[in-house]
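Required output: the full structure, derived from the provided sequences and hints.
Number of protein chains: 2
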Amino acid sequence: MEKIPVMINGLPGNVARTMAAAAIVDKRFTIIPYSLTGADIPHDMTNIGSMDFTLVKPDTRDEKIKEILSLYPFFIAIDYTHPTAVNSNARFYVRNNIPFVMGTTGGDREKLKQTLDQGSILAVIAPNMAKQIVGFQAMMAYGARTFPGLFKGFSLKVKESHQQSKADTSGTARAMVGYFNDLGVDFKVDDIQQIRAPEIQEKEWNIPREHLSGHGWHTYTLTADDGSSLFEFTHNINGRDIYVSGTFDAVIFLKEKLLLKEDRKRVFTMIDVLNQA
Amino acid sequence: MEKIPVMINGLPGNVARTMAAAAIVDKRFTIIPYSLTGADIPHDMTNIGSMDFTLVKPDTRDEKIKEILSLYPFFIAIDYTHPTAVNSNARFYVRNNIPFVMGTTGGDREKLKQTLDQGSILAVIAPNMAKQIVGFQAMMAYGARTFPGLFKGFSLKVKESHQQSKADTSGTARAMVGYFNDLGVDFKVDDIQQIRAPEIQEKEWNIPREHLSGHGWHTYTLTADDGSSLFEFTHNINGRDIYVSGTFDAVIFLKEKLLLKEDRKRVFTMIDVLNQA
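Protein chains in written order, with the numbering used here: chain A, 751 to 1027; chain B, 751 to 1027.
Don't read these hints as lab results, they were simulated from the structure.
Just so you know, these numbers come straight off a predicted model, no measurement behind them.
Yeah, the Cβ is synthetic: ideal placement off N, Cα and C, and Gly gets one too.
Possibly wrong hints are sitting among the right ones.
Pairwise CB distance ranges, derived in the manner of DEER restraints [unchecked claim]: (1) A/Gln914 <-> B/Gly921: 37 to 47 Å; (2) B/Lys816 <-> A/Asp975: 41 to 51 Å; (3) B/Val1017 <-> A/Arg946: 49 to 59 Å.
See below:
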């Protein structure tokens, strides 16, 4: 198979570094030695393993991209930047006809779709690239749609643990609460228990020490008010390998969609990627 | 609402007793004071609370049913008898035009459907009447159908605990293993861990002592071979209240279907009951 050129944006950030390190040793990809970065990043270059990357800041990127596109006429961008950059990056990709996989969360998601509608490029946009979690969410969404009120009379507890640096509530837990609400359970997103203290994570949750700096553990517990039954769903992710694999699947999916010129849909989700697999 | 006359078959068995005790105090039902029973039951009568039931054995039931039908021209049968009685009871219901809810497991399920095809009555047939479990199974079936291979590269562990008197492997666990197989997981029904020892159930599983004689606890654990992720699904049922509620919903569903003469389908499952709700 021909190698797919990819540009990994968001260096020197953690997730982008993880993606780049994995892509460098993945024979399916050729890595472009440039990366979009934030205005506040003090460096002009970063390196991962033996590879040097030129960091491209917002004020020079419109000029720089001409040079990049002359060297690499086709590539797919992988975006793991910052919530504040989501919308301007999407506009940049559309303006320059660069298909992209948007793994960055946050930003204005409605505007993001509008930007795509105004252009002619394809994108995979997904707040969670872990295929098994996306699949499980799809199963929950199906349940909520097909059997509304199924868990009426049940109480819910939601506990999630993430690395201390994550300030906001888990987006996956928020989405799951929505499904549980449709299933008849009275529960507010504010009632999600967030664990961020490493000592509790290690001692009470038994999260491996090496993953305290990067993990996402979630448990949803439904208890019948009469004590007759309990349903519990858990998904625990250590590190970021699972997101790498899903992101690369999205790149390959996008490449295939680009070859099929007739497809009219322009924005895809991980559900589309899963359905294709 | 008009009360629905029901005949609860399987007395003096445990599950039938539970159903009868609940139906007696449920204002939606009138209880018929007869119950089909097995040839080996030494009694002719049994009582539940203040109500006496005549036990009707296989050798006299064809005669006895004429008397019962002359007293109660319409009723719905609830069958919690014995796996060995499933097929002959179904033939008995069809022969006498008695709509029924079959909660008894086992027997020849294929023949059971054929029996219904030969008659003109309606039935709800379901090996599990717990609505939330049935709904969860439907979500798993959807996942297996929509995302085959989603959990490829994962190892599965299945543990189930039931009262000591249950000799066979959990039917729900068997069905779930089928979905996990479709999701890409290599696992055999024989590898299901069955817990039947009350001391382990109480000490290691923390199953309440009062439910050691009647419970169904199941846990399915998927672990990624690289240790990066774990998915775990648990459903723990104490006692039999959850089956009572589902069975009665099935009776009400069946009554409504009988009123709609145009429906051509004759055999329904708990999924149909859930979809209606």
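Hints versus structure:
1. A/Gln914 <-> B/Gly921: 37 to 47 Å: For B/Gly921 against A/Gln914, whose Cβ atoms are near 45 Å apart, the range 37 to 47 Å holds.
2. B/Lys816 <-> A/Asp975: 41 to 51 Å: Once the Cβ atoms are compared, 45 Å apart, the range 41 to 51 Å for A/Asp975 and B/Lys816 holds.
3. B/Val1017 <-> A/Arg946: 49 to 59 Å: At 52 Å between Cβs, range holds.
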